[in-house]
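Protein chains in written order, with this note's numbering: chain A, 1 to 364; chain B, 1 to 364; chain C, 1 to 364; chain D, 1 to 364; chain E, 1 to 364.
Hints listed in this document are in silico derivations from the structure and should not be mistaken for laboratory results. Please read all numbers here as calculations on a predicted model, not as lab measurements. Take the hints with a grain of salt, since some may be wrong.
Listed below are the simulated BS3-like cross-link pairs for lysine-lysine, each with C-alpha atoms no more than 25 angstroms apart in a straight line [as the list claims (entries may be wrong)]:
#  : chain 1 : residue 1 : chain 2 : residue 2
1  : A       : Lys346    : D       : Lys346
2  : D       : Lys5      : D       : Lys140
3  : E       : Lys140    : E       : Lys5
4  : A       : Lys346    : B       : Lys346
5  : A       : Lys5      : A       : Lys97
6  : A       : Lys97     : A       : Lys140
7  : C       : Lys346    : B       : Lys346
8  : C       : Lys97     : C       : Lys5
9  : C       : Lys140    : C       : Lys5
10 : E       : Lys346    : D       : Lys346
11 : B       : Lys97     : B       : Lys5
12 : D       : Lys97     : D       : Lys140
13 : C       : Lys140    : C       : Lys97
14 : E       : Lys346    : C       : Lys346
15 : B       : Lys97     : B       : Lys140
Residues per chain are reported as follows:
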Amino acid sequence: MFFQKRHPPAGSRPGTLVIPETAHPPVIRVIDYTVDRVEETEIHDVEELTRFVDSDSVTWIDVHGMGDETLIRRIGEIFALHALALEDAVNVPQRPKTELYERCNLYITRMTRLGDGANVEVEQLSIFLGSGWVLTLQEKPGDIFDPIRARIRAGLGPMRRSGADYLAYALIDMVIDGYYPVIEELGEHLERLEETTLSHDEPQLLAQIYDAKRQLLELRRAVWPQRDAINSMIRDENPFVGETVRVYLRDVYDHAVQVIDITETYRELAGSLMDLYLSTVSQRTNDVMKVLTIMASIFIPLTFMAGIYGMNFEHMPELGQRWAYPLLLSLMGLIGMGMIVFFWRKGWIGPKAKTLAAPRGSSR
Amino acid sequence: MFFQKRHPPAGSRPGTLVIPETAHPPVIRVIDYTVDRVEETEIHDVEELTRFVDSDSVTWIDVHGMGDETLIRRIGEIFALHALALEDAVNVPQRPKTELYERCNLYITRMTRLGDGANVEVEQLSIFLGSGWVLTLQEKPGDIFDPIRARIRAGLGPMRRSGADYLAYALIDMVIDGYYPVIEELGEHLERLEETTLSHDEPQLLAQIYDAKRQLLELRRAVWPQRDAINSMIRDENPFVGETVRVYLRDVYDHAVQVIDITETYRELAGSLMDLYLSTVSQRTNDVMKVLTIMASIFIPLTFMAGIYGMNFEHMPELGQRWAYPLLLSLMGLIGMGMIVFFWRKGWIGPKAKTLAAPRGSSR
Amino acid sequence: MFFQKRHPPAGSRPGTLVIPETAHPPVIRVIDYTVDRVEETEIHDVEELTRFVDSDSVTWIDVHGMGDETLIRRIGEIFALHALALEDAVNVPQRPKTELYERCNLYITRMTRLGDGANVEVEQLSIFLGSGWVLTLQEKPGDIFDPIRARIRAGLGPMRRSGADYLAYALIDMVIDGYYPVIEELGEHLERLEETTLSHDEPQLLAQIYDAKRQLLELRRAVWPQRDAINSMIRDENPFVGETVRVYLRDVYDHAVQVIDITETYRELAGSLMDLYLSTVSQRTNDVMKVLTIMASIFIPLTFMAGIYGMNFEHMPELGQRWAYPLLLSLMGLIGMGMIVFFWRKGWIGPKAKTLAAPRGSSR
Amino acid sequence: MFFQKRHPPAGSRPGTLVIPETAHPPVIRVIDYTVDRVEETEIHDVEELTRFVDSDSVTWIDVHGMGDETLIRRIGEIFALHALALEDAVNVPQRPKTELYERCNLYITRMTRLGDGANVEVEQLSIFLGSGWVLTLQEKPGDIFDPIRARIRAGLGPMRRSGADYLAYALIDMVIDGYYPVIEELGEHLERLEETTLSHDEPQLLAQIYDAKRQLLELRRAVWPQRDAINSMIRDENPFVGETVRVYLRDVYDHAVQVIDITETYRELAGSLMDLYLSTVSQRTNDVMKVLTIMASIFIPLTFMAGIYGMNFEHMPELGQRWAYPLLLSLMGLIGMGMIVFFWRKGWIGPKAKTLAAPRGSSR
Amino acid sequence: MFFQKRHPPAGSRPGTLVIPETAHPPVIRVIDYTVDRVEETEIHDVEELTRFVDSDSVTWIDVHGMGDETLIRRIGEIFALHALALEDAVNVPQRPKTELYERCNLYITRMTRLGDGANVEVEQLSIFLGSGWVLTLQEKPGDIFDPIRARIRAGLGPMRRSGADYLAYALIDMVIDGYYPVIEELGEHLERLEETTLSHDEPQLLAQIYDAKRQLLELRRAVWPQRDAINSMIRDENPFVGETVRVYLRDVYDHAVQVIDITETYRELAGSLMDLYLSTVSQRTNDVMKVLTIMASIFIPLTFMAGIYGMNFEHMPELGQRWAYPLLLSLMGLIGMGMIVFFWRKGWIGPKAKTLAAPRGSSR
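Start from the sequences and build out the full structure, keeping to the hints where you can.
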C-alpha cells in the first residue's frame, strides 16, 4: 500500500520504459465517431492506428495493459508522443499533472474505484489529448468509463457533436466524480469509528483510525495536484482545449476542490479521533483505577484490624471481652460505610459515577 | 451529518439533475416591484414566469422544493440558465462559489438557521442574478428572508429604489448575518464545556467536544469559500453587479471574514479543550492513585506486622510479654503517623493536596 | 468573554444602528487647533459641530458613549459619513480594518488597557479621518489619549504644525503601543505558569494555561487585521493621508508586526506549556505508582509468608522448631533487603530517584 | 548526524575556503566528448585543464576530494569561478540552490545513496555549468554516476549529440532519482514500525520512530530547496541552459515535487505513529490495570473475611458451628463468582476483553 | 528572558528616546580608511565626527553604549538620521528590518554570541549606511567584529578597495555567521536530550526540552525577519548599496535561509522530543504497573489461601490431616508457577520484557 515507484535503473537515459514481467499484454480498443456514425473496433495490428491520426472523426484509443514495450513505443511513434510523456505514462506512479507538448496535451490522473469490502483501488490513467484523438493508457484491464461509451453510442447530448477535448473532459470528469463514493465511504467509516471509540474498548480501533488517516493522506496526494492540473488546463494557453470545454472544466475544477475540502475535513477529524481514543483510554484507566482504589481502600484497613486480633499475644485484654467481637464488627462496618460515603461524595460511586459505556444518549 | 453528495450516476452527461423521490414539490412565489408598486403572487403555471424575464421591474422568483424535474428544467429554459449552473443548484451540496455565465451570475451559498435545541440546520441556497430578476432555489420550504420581504413591501430604505443586484446583496447579507447566532451559540457551548471539563468528570464531555469540533469544521467549510466568492463579485468584472452594490458587498465581505476569524479561534479553542480534558483526566487518575497509594502504604506494612504475631510458632518470646501488645500497637501507630507525615510533606495530603473539583475560584 | 456581536435583527436594512438600552449617553469633546492656538470645548448642542467641518484648523471630535441614536445619526450627517461606516462604528465589535469612503477614511481598531489585576480591557475605537478633522467614536467613557491632548496643548513637536492625518497617526500609534504592556504582562504570566508547572502540582494551572491561550488568541484576532489595515493606509491611494505621515505609519506597522510576532511566539509557548503540564502529571503519576509498587512488592510477599505460619494445621513441623521463628524473620529481612536492592538498581529509590519537586536547580 | 557546518572563522573575508586536515586529496577525472569521439583521462597536472575551457567539445571535469586548497583555487581560476561560488562548493553543507554567475551556473545539490543496513549517506555535490563544460565537485571519492559515464561512452541516446546543459541535466536527474530508493526504504521501515507498534510492546520502537522522523526532516531539508532551484533553472533567463533541456528539467522538477509529496506524507504518518504508540501504551497500561484490579477486587474482600475468622476473640459464636466453615467457603465462592460476573459484564474478562496482541487480523 | 521592550511612555511623540539610568556611557571609535591608509581614533568630542560626513574616505563610526541622550541626539543630527530611525536604534528591542531613509539606510539586526556555559547572548545592533560612512550603534560594550577590524588594517582582500556598502555587508555577514555556532550548540543539546530521554528518567529533562524550544522560538524570531530585510536590500532600489555588494548579499541571504531551515527542523525535533518524553514516561508507568500487577497477582491469592487455614473454626477437617500442609504448599507453588507462566506468556516477564533502560543498542 505504501509508495513504490516503478523507476528505471538509476542513470538510464530519459524515456526509458520500465515494464515488469508480469504486466498485462496490451489490449487496444478504438471508438471512432462523428456526429453521424460510431465505429468500435479492437485493434490487433498496431499499424492500423495510423489511419486515425489525421482523420476528421474523433477517435478514442483505449489501451489497457502495458506488457509489450515494442508495441507501446510504436504507439508513441504513431501519435508523435514525446519520449518523456510516454515514460511518465508507463513508469507509474506519476504525480497527477498536466503537461503540454507540441503534438498533444498529457493529463495524468489517478482513477479510484470502490472494490469489494470498501477496498479502494487506485490506478494511474494517462490521457493524451491530440487534435482529433484521445489516447488513454492504463495498466490493468477494466475501467469506469462504460457510461461514457454508452453516451457515445447513444449519440444524445453534446458528446458526438463535440471534439476530442469534450471527450477528454468527460473522462476527467468521471475520474473526479469517482472520488465521491470513496470519500463518502470513508466518511461513514469515520462516523462508525467515532461511535465505536466512545462506546467500546477495542484496541483494533487504533489500527483502523490510523489506516483511515493513511487512506486520507493517499487521497489527498491523489486529488490535490489534479486541482492544479485542471486549473492549468482552464487558464493556460492550450491549442487542444476549446473555450466551451473550458467552461465544463471549471465545473470539474469545483468538484476537485470540493473533494479536497472534504478530504481535509476528514483528515482533521481522523486526527481528532486519535486524540479522542487516547482520552477515552485514559478515562477508562481512570475508571479501572477507581474500582481498585475503592476496593482496596475499604478492605485493606479492615483486614489490618482483623489481623490485629489474629495476633497471638497472651495479654490482649480485649480478646476476652464478650462485647469485643460484635463491637469490632460494628466498627468495621462503620469504617466501611464511611469509606463508601467518602467515595460517594467524591463522586466515584453512585449516580454521578458515569462511565464511558453509553455516554451519548441524550447529549446530542 | 457527514458529507453525502447527491451526484448523478457516474458518467452521466453534464447537466444531469438528481432529484430524490422524496423531494418537496416546488412552490414558486414571485415578488415583482418597482419604486411605485409591489406585486406578490404564487405561480402555479410555470409559463407565467416568462413575462418577468424582460420586464422593467425587479422580480424575485423564489422556488422552494425541487420535486419536479420538468418544471425545474423549464424554469432553467425561461431564464436561460446554463445546464451546469442548474446542475450545481439542484445536485446539492455544492461548494459555495460564484460563477459568472452569459445571462446570469450564480451565487451558491449555505444558509444556516439555529433550530430547536441549538441544532444547526444548514441548507444550500442558489441565487441566480440576471438583469432585472433574482431567482432563488432551495430544497426545503421555509427560509430566513421574511424581513427582506417586509422591507420590499414597506418601501423604506434603498431597496425599492435599487436594482436586482441590491436584492441579491440583501439576500447574501442575510445569509452571512445568519452565521452570527450560530457561532455565538457555539461559543457559549464551548464556554460551558470548558467549565464542565474543569469541574466535573463526565465522559460524555469528550463526545461533545468532538462534536463541537466537527461542527466548527462544517462551519468553516461553509463560510471560507464564501469569502472568496463575495470577493470575486466585488473585484471581477461583472455586468450584473453595479458599483454601488459593490460597496455594500465589501461590508458583507468584512462580516464573512469576521465569521471565519471567530470560527478559526473557536476551532483552536476546541482543540485545546481536548488537550485540557486529557490533562484533567490524567490529573484525576493521579489523584485516584494517590488515595490508593496512601491507603496501601499505611496499612500494608501494618498488616504485615500483625501477620508476624499471628504466626503460630511455639517459640516466639515476645508473645508472652505483657508490654508486647501495647508496644506493638504504639509502634504501629508511630509507623502509620510516620507515613502520614511522609505523604503530608510530599503534599499528597493536607491543605496542599488540592484536587480538580473546584479549581477556578480565585484564580481568574 | 467570548465573542458576542451586537448585530441588528437579521434582515434589517444596511445602516441599522443597534444601541443597547444601557449605553452611555454621548459626551462630545472637541479640540480645535492650528499652529498658533488651541481651543478645547465640550459640545452640548450637536449643531455646533458644523462649523468645524470646513474650517482651516485641525479638529478632533472625540465622542464617548453612543446612547443617543438621533445624535449619532446627526453627527454622521454633519460629517457626511457613509451609512455603512457609521454602522461599523456603532455595531461593535467589528473586525479591525481600514475602509476608504468618498469623504473620509475609517480606521477601526481595538484599544487595550491593562486594568486592575492584570485584567485586559478591550474596546473598539473608530477613527474617522476627513480633511481637517478627526472624529473618534467609542462606547465607554475614558481613553488612553491624555498624553496626546497634552502634546497638542504643549505645542511642542510636529503635532500642531501637522494636519489631521498626523493626529490620526498619533492615535493609531498609541493604540498599537498600548499592546506592549499587555503582551509583557502575558509573557510574565506565562513564565510564572511555567515555573509553577514544573515545581507544583496544582490543578488550577490547567485553567490558567487555557485562559492564557485564549487571551493570546483574542490578542491575535485584535492585532493581526490591524497590520493589514495599516499597510493598506501606507500603500493604497488615499487623499487623506500625506506622504510624511505614511513614513510615520511605517513605524507603526513595524510595531504591529512585532506585537504579532511575540503573540505568535507566546501562543506556541502556551501550547507547549499544556504539553508540559501533561508530561509533568504523567511523570508524577509514575512517581506515585513507584511508591505503591515498592511498598506492595516488599510487604505483600512477606505478609504471605507470615500468613503461611499463621495457618492452624496440626502438622506443621516448622512450628515447633526453636530456630524457625528467628530464621523466618531473617529470611523476611533478606527478602525485603533484596527487594530494596532490586528497586535501588532499577533507580526507583535512592539518589537517582529524583522527583519533580525541584528539578531546575542547576540545569539552567 | 545533526547539522554541522564547515564555516570559516567568523569574520573571514568572503571566499575563504575551509578545508579540514583529513580531507581526501583531489582526484580529477575528465571526460571530453563530441558526437564522434570520447576521451577519458585522469588529470595530474591541473594546468592541463586550461585546454578544455574553450574547446568545442563537451567536457566533464569531475573532482573528488578537496584536500588541496591551492589546486582547488587554481581550478577556480581556470574556469573563472566566482569566489563566493567556490566557497559555497567547498564549505559544506550548503543549502541546495542554483545561482547564476557571469561565466557559469552553479547548482548545489545533495546526493543520497543507500549504504549498508539501510544507512542513508548524503553528500553535497556542486555542479558548475559553463559553456561547453561541466565541473562537478564533491568531498569524498565515489559517486552514483557510472551509468552516465557508460551512456557517454556508448554514444546512444541524445547524450553525445547534446551540449553541456544536457550533461548537467542528466546529473541532476540522477541525483533526484537517487532519492526514490531512500524514500521507498523509509516507507517500508514505517510500515514495519506500524506493524510492530500494534503487535508488540518494544520500547526501542520509540527511538526508531523518532529516528525515522528525523531522517524525513533531513530529507525534506535536502529536497525542498532543490524544487525551487530546478524551477528557477527552468523559468529564469539563463544563457547556459537551452530550451530543449528545459523541457527535460520540467520532468526532473516533477520528480522532485513527487519526492517532496511523499516525504510530507511520510512525515505525517511518522507523527501519527508516535500518537499511535502513545495510545497503544496507554491501552496496554489499561490492560495491566485491569488484571491487577480483577485480582485485587476478588481476593482482597475474601482475605478480609478469612481474617475475621482468624481473630482470636474468645466469644465468636460462629466458630463453634459445624456449618460455619463450609457456609463461609460457599459465601466466599459466591462473592468471587459475583465479582467475576461483574467484571465479565463490564467486558474486562471473557471474549470481549480483546487485548492489543493481535488486533488486525480481520479488520483490514 | 521573556520579551521586554524599552518603549517610551505611551503617547510620547515619535522619536522619543528611552535610555535607562544604568546605560553604559557611549564610547565612540572611528576607523577611517582609503585604499592607502587607515586611521583609528577614539572620539571624545562628538563634534569631531562632522569631518567624516562628507569625506572621500570610508568611515566606520562605532558607538558602544547609549547612556548620554544629548550625545546620541547630536550624532543623529551630524549624520542627518531620521528621528524614527534613531528611535528604533535606541529603544531596543526592535524587530530586525531594513528601512531606507533619504540620507541613509538603516539595518537593524540581532547579534548573538555564545557566552559561557552555552549561554546565548543576544543584542540589538543598528547599522546605518550612508554615502561614505557606516555608523553602528549597540548598547553594551564588546562586539564580534575584531576580525573585520583586522581585515581593514591588513588591507588584504577587497575591503579597503571597496566602499561603505561593502563594510556594511561584512558586518551583516558576520552577524549571520554568528548564528551558526548557536544552532550547532542547540543541535548538540537536542541530541543529548534525546539520548537522555530514551535512557534515563529525569524530570528536569522536561524543563530542558521546554527551554530548548523557547530558545529556538527566540532564534527564529531573530532570524526570520532578517531574511526579508536582506532580501529587500538586494532587490529594492537603494542608492547606498552597489551592484557588486548585492551579489555578496545574496550569499548572506542564503546563509540566513539556511539558519532558518535548521531552526525550523530543530523546532520540529524539539516538539517531537516532548512527545517522546511523554511516551517514555507512559511506557515506564506501564513497566512499573507490570511489576506491581505481577507481585500482587501472585501473592494476593496465595495469601488468601493461607488466610483460609488461619481461621479458627473448630470444624475444619483439613486441619487435622497430615498431608494437608504439604499439599497446600504444593498447591500454592503450582498456582504461583501458573501465574508466572501466565505473565511469561503475556511477555511481561522473561526475555521479551525489555524495558526502556538501554533500548537503542542494535536498533540504529
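Cross-check of the supplied hints:
no.: 1; hint: Lys346(A) with Lys346(D); in the structure: 22 angstroms, holds
no.: 2; hint: Lys5(D) with Lys140(D); in the structure: 16 angstroms, holds
no.: 3; hint: Lys140(E) with Lys5(E); in the structure: 16 angstroms, holds
no.: 4; hint: Lys346(A) with Lys346(B); in the structure: 22 angstroms, holds
no.: 5; hint: Lys5(A) with Lys97(A); in the structure: 16 angstroms, holds
no.: 6; hint: Lys97(A) with Lys140(A); in the structure: 20 angstroms, holds
no.: 7; hint: Lys346(C) with Lys346(B); in the structure: 22 angstroms, holds
no.: 8; hint: Lys97(C) with Lys5(C); in the structure: 16 angstroms, holds
no.: 9; hint: Lys140(C) with Lys5(C); in the structure: 16 angstroms, holds
no.: 10; hint: Lys346(E) with Lys346(D); in the structure: 22 angstroms, holds
no.: 11; hint: Lys97(B) with Lys5(B); in the structure: 16 angstroms, holds
no.: 12; hint: Lys97(D) with Lys140(D); in the structure: 20 angstroms, holds
no.: 13; hint: Lys140(C) with Lys97(C); in the structure: 20 angstroms, holds
no.: 14; hint: Lys346(E) with Lys346(C); in the structure: 22 angstroms, holds
no.: 15; hint: Lys97(B) with Lys140(B); in the structure: 20 angstroms, holds
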